[in-house]
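Sequences listed follow chains R and S, in order. Going by our numbering, 96 is the number at position 96 of the first sequence; the sequence numbering is gapless. If you want our numbering, it's the position in the second sequence, counting the first as 1, plus 413.
A portion of the hints provided could be inaccurate.
Partial list, derived from the structure: chain S residues whose beta carbon lies under 7 angstroms from chain R [stated by the list, open to error]:
# : residue
1 : V418
2 : S470
3 : F502
4 : G538
5 : G736
6 : P777
7 : K790
8 : K815
Once the Cα atoms are required to be at most 30 angstroms apart in a straight line, the calculated DSS-like pairs of lysine-lysine come out as [claimed, not checked]:
#  : chain 1 : residue 1 : chain 2 : residue 2
9  : S       : K505      : R       : K383
10 : R       : K263      : R       : K72
11 : S       : K445      : R       : K383
12 : S       : K471      : R       : K359
13 : S       : K790      : R       : K377
In short, the hints are calculated from the structure, not lab data. C-beta atoms are modelled at their ideal positions from N, C-alpha and C, and glycine is treated no differently.
There are 2 protein chains.
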Amino acid sequence: MTTQVSPLAPTDVPKMPEIEGIRLATAAAGIKYAGRTDVLLTLLDPGTAVAGVLTRSKCPSAPVDWCRAKLKGGKARVLVVNSGNANAFTGKTGRAAVQFTAKLAAKAAGCKEAEIFLSSTGVIGEPLKVQAFEGVMDSLVANAKGDYWLAAAKAIMTTDTFPKVATATAKLGKTTVTINGIAKGAGMIAPDMATMLAYVFTDAPLSAAALQGLLKKTVDDTFNAVTIDGDTSTSDTLLAFATGAAATRGAPKITRASDPRLKAFARAFEKVLANLSEQIARDGEGARKLVEIVVEGAASKASARRIARSIANSPLVKTAIAGEDANWGRVVMAVGKAGEPADRDKLSIWFGGIRVAHKGMRDPSYDEAKVSAEMKKPEIFLKVALGMGKGRDRILTCDLTKEYVAINGDYRS
Amino acid sequence: MTTQVSPLAPTDVPKMPEIEGIRLATAAAGIKYAGRTDVLLTLLDPGTAVAGVLTRSKCPSAPVDWCRAKLKGGKARVLVVNSGNANAFTGKTGRAAVQFTAKLAAKAAGCKEAEIFLSSTGVIGEPLKVQAFEGVMDSLVANAKGDYWLAAAKAIMTTDTFPKVATATAKLGKTTVTINGIAKGAGMIAPDMATMLAYVFTDAPLSAAALQGLLKKTVDDTFNAVTIDGDTSTSDTLLAFATGAAATRGAPKITRASDPRLKAFARAFEKVLANLSEQIARDGEGARKLVEIVVEGAASKASARRIARSIANSPLVKTAIAGEDANWGRVVMAVGKAGEPADRDKLSIWFGGIRVAHKGMRDPSYDEAKVSAEMKKPEIFLKVALGMGKGRDRILTCDLTKEYVAINGDYRS
Numbered sequence: 001m002t003t004q005v006s007p008l009a010p011t012d013v014p015k016m017p018e019i020e021g022i023r024l025a026t027a028a029a030g031i032k033y034a035g036r037t038d039v040l041l042t043l044l045d046p047g048t049a050v051a052g053v054l055t056r057s058k059c060p061s062a063p064v065d066w067c068r069a070k071l072k073g074g075k076a077r078v079l080v081v082n083s084g085n086a087n088a089f090t091g092k093t094g095r096a097a098v099q100f101t102a103k104l105a106a107k108a109a110g111c112k113e114a115e116i117f118l119s120s121t122g123v124i125g126e127p128l129k130v131q132a133f134e135g136v137m138d139s140l141v142a143n144a145k146g147d148y149w150l151a152a153a154k155a156i157m158t159t160d161t162f163p164k165v166a167t168a169t170a171k172l173g174k175t176t177v178t179i180n181g182i183a184k185g186a187g188m189i190a191p192d193m194a195t196m197l198a199y200v201f202t203d204a205p206l207s208a209a210a211l212q213g214l215l216k217k218t219v220d221d222t223f224n225a226v227t228i229d230g231d232t233s234t235s236d237t238l239l240a241f242a243t244g245a246a247a248t249r250g251a252p253k254i255t256r257a258s259d260p261r262l263k264a265f266a267r268a269f270e271k272v273l274a275n276l277s278e279q280i281a282r283d284g285e286g287a288r289k290l291v292e293i294v295v296e297g298a299a300s301k302a303s304a305r306r307i308a309r310s311i312a313n314s315p316l317v318k319t320a321i322a323g324e325d326a327n328w329g330r331v332v333m334a335v336g337k338a339g340e341p342a343d344r345d346k347l348s349i350w351f352g353g354i355r356v357a358h359k360g361m362r363d364p365s366y367d368e369a370k371v372s373a374e375m376k377k378p379e380i381f382l383k384v385a386l387g388m389g390k391g392r393d394r395i396l397t398c399d400l401t402k403e404y405v406a407i408n409g410d411y412r413s
Numbered sequence: 414m415t416t417q418v419s420p421l422a423p424t425d426v427p428k429m430p431e432i433e434g435i436r437l438a439t440a441a442a443g444i445k446y447a448g449r450t451d452v453l454l455t456l457l458d459p460g461t462a463v464a465g466v467l468t469r470s471k472c473p474s475a476p477v478d479w480c481r482a483k484l485k486g487g488k489a490r491v492l493v494v495n496s497g498n499a500n501a502f503t504g505k506t507g508r509a510a511v512q513f514t515a516k517l518a519a520k521a522a523g524c525k526e527a528e529i530f531l532s533s534t535g536v537i538g539e540p541l542k543v544q545a546f547e548g549v550m551d552s553l554v555a556n557a558k559g560d561y562w563l564a565a566a567k568a569i570m571t572t573d574t575f576p577k578v579a580t581a582t583a584k585l586g587k588t589t590v591t592i593n594g595i596a597k598g599a600g601m602i603a604p605d606m607a608t609m610l611a612y613v614f615t616d617a618p619l620s621a622a623a624l625q626g627l628l629k630k631t632v633d634d635t636f637n638a639v640t641i642d643g644d645t646s647t648s649d650t651l652l653a654f655a656t657g658a659a660a661t662r663g664a665p666k667i668t669r670a671s672d673p674r675l676k677a678f679a680r681a682f683e684k685v686l687a688n689l690s691e692q693i694a695r696d697g698e699g700a701r702k703l704v705e706i707v708v709e710g711a712a713s714k715a716s717a718r719r720i721a722r723s724i725a726n727s728p729l730v731k732t733a734i735a736g737e738d739a740n741w742g743r744v745v746m747a748v749g750k751a752g753e754p755a756d757r758d759k760l761s762i763w764f765g766g767i768r769v770a771h772k773g774m775r776d777p778s779y780d781e782a783k784v785s786a787e788m789k790k791p792e793i794f795l796k797v798a799l800g801m802g803k804g805r806d807r808i809l810t811c812d813l814t815k816e817y818v819a820i821n822g823d824y825r826s
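Just chain R, same shape as in the assembly (with noise of 0.2 angstroms):
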């Protein structure tokens, strides 16, 4: 496993607020990792809302399931969190396990099962050893607090090279409100739905539905537009939690995802969202290089969303740009592949704002030495025009290089 820190780690991490109704633990419980915490608990004050979207798998973890079902009560009063092992594919004994973590939880926290939401992360298959909580979960409670927020981040990576966080502020009616992130990424990262963990809290007084509405709208073009490998987890999950506390400093309660009220929250949301998903696709496993893809000229955005797929997750893309080198023919490849509606000979294709092919064929100014230059940066654009319709999305990705190979190689070992 690398210890080495992403080239694209971002330079400077913000000072993380405190948010009202909410404080934070971590423990080392000995999952799987030596020498370092692998849970995180997350006190939420009562009258909590909660909202998420879940991965989309059809073998999806324990913990996604268990959170599915908690998720229809739209109260939240506890998060837990663990790395080191996902609970994945573990049948009986996962659902156990899961049952197990709650009722602990609860009884540390003083509330109901129900509002207590879990999610693991790591090894798929291998049991995770819940008596590893026992030991851990009244001190968790007791010792949390408003200013851990870093420090929390830390605790849920797996092969993650930095903690994620990501911090905004908004004026909801005349009270600023914040919105706090943290996520982890890393490898078995595909846009469909939430990606791997990432969790949300504000202290704005949003309704679970209005939360909800809000997430749906947001993931689309954030989470949902990062991809790694192709490769979607067992167990993404996105959750978003709101504690109310604003509303005694005069935010006014919102019910409903499109009240306009929340236009100034609903970017902040949004920016927060887009930056996890940013630094998820900044660490992703061997990545050396972030890529953004835009596709437009589509015939639909739905178009150019799975060809934009296409080429985030073509293997022969990935390496090119990991060879440094602006290989836009295996661009055409993934763009015909994609199997939607287009038109080799109407075909467009940039590298960092250089055109580099034209009208199906290469652009006649193209100049080896410019494109090279800019394949050498640490962030490439790579933008390809249909001219086939209006559609237009966005994706980012990372390169493919050895380094994902030899990670990924000898993981569980």
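Assemble chain S onto chain R, guided by the hints.
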């Protein structure tokens, strides 16, 4: 570019017999490579029937467009294949190159342009230096001979590490007929229509319609059941030629693929196609393991195929196999992301005949040492039973290694 022969290469290369009505020649035209042959010319006697399946890419190469149009005529006299340049995404220049080559070949062989079949493989997007053909075409025609199959297979290689040939005989009526095949593969291989370049030749007197029917029936479980990296080429071409020369030795003329007299021939035909397509998997770029994936108990054959493809194209499954890790958790992930009917708690998974997961959890008798020994073998058999229905499918692939990344990270340079 790697120069070492794949460790999965077949250990014995068959002696390729001559086929009446077929002569071959190769040349070093200097299209891209130095010091090796890069053009294959095959002369076919008058009356040769042709059939073919071509890439479904929406951005096919110019030679693919040409072949698709000429297949309608059903007659072939010359096949010209070059390596080093795919003549794909080359716009008008590409179409002109194809026309120029066909004209040249028709003149040299004394036939119609509509009877010329062309393929190009190699770099996409670079203009094909078609003048190179001018110097070699006449001597190719003059020097063509019957006993030249291995050299023919060598001339069409790109990143292939060994030439791919296969042969079989069958009784047609009371007459023995021969089927020879050559192919090239390596990267950009996915099961969507014919995979890369493959040519099959016989002296059996089959009409173009009968040959086409047979080809369509056979390709699904041979070439379309192989994937290296999920990347479908813009040049995928599989052509079959029947000279009909065996008619003079008493073989019956066959006009329909459903003719019952074709049974033994169809079996031998499938054997040759299966053999060539397996060799393509054995020579996947950077491959160190040949992986056979069987999915059974799916809702339908199509569903089984989609799940098998999802597993075979998953970078996480492929890197795990490269790392000799029986990481069946990733197989569960790949089943789950396929979006096909599946029930986590009915799923069983085998590696090399050892059941590692059963009914939604690790097999109770799981023995890491036994499974690890299995994973060290060069050929890995992976079976998934879904318990949903009777759909079954089989697909061949290879592992994803650092060598794949290295080969594709600097292919152009």
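Hints, verified against the model:
no.	hint	verdict
1	V418	violated, 21 angstroms
2	S470	holds, 3 angstroms
3	F502	holds, 5 angstroms
4	G538	holds, 4 angstroms
5	G736	holds, 3 angstroms
6	P777	violated, 11 angstroms
7	K790	violated, 16 angstroms
8	K815	holds, 4 angstroms
9	K505(S) x K383(R)	holds, 23 angstroms
10	K263(R) x K72(R)	holds, 26 angstroms
11	K445(S) x K383(R)	holds, 29 angstroms
12	K471(S) x K359(R)	holds, 15 angstroms
13	K790(S) x K377(R)	violated, 41 angstroms
Figure legend: structure checked against the earlier numbered hints; hints not met, in rising order: 1, 6, 7, 13.
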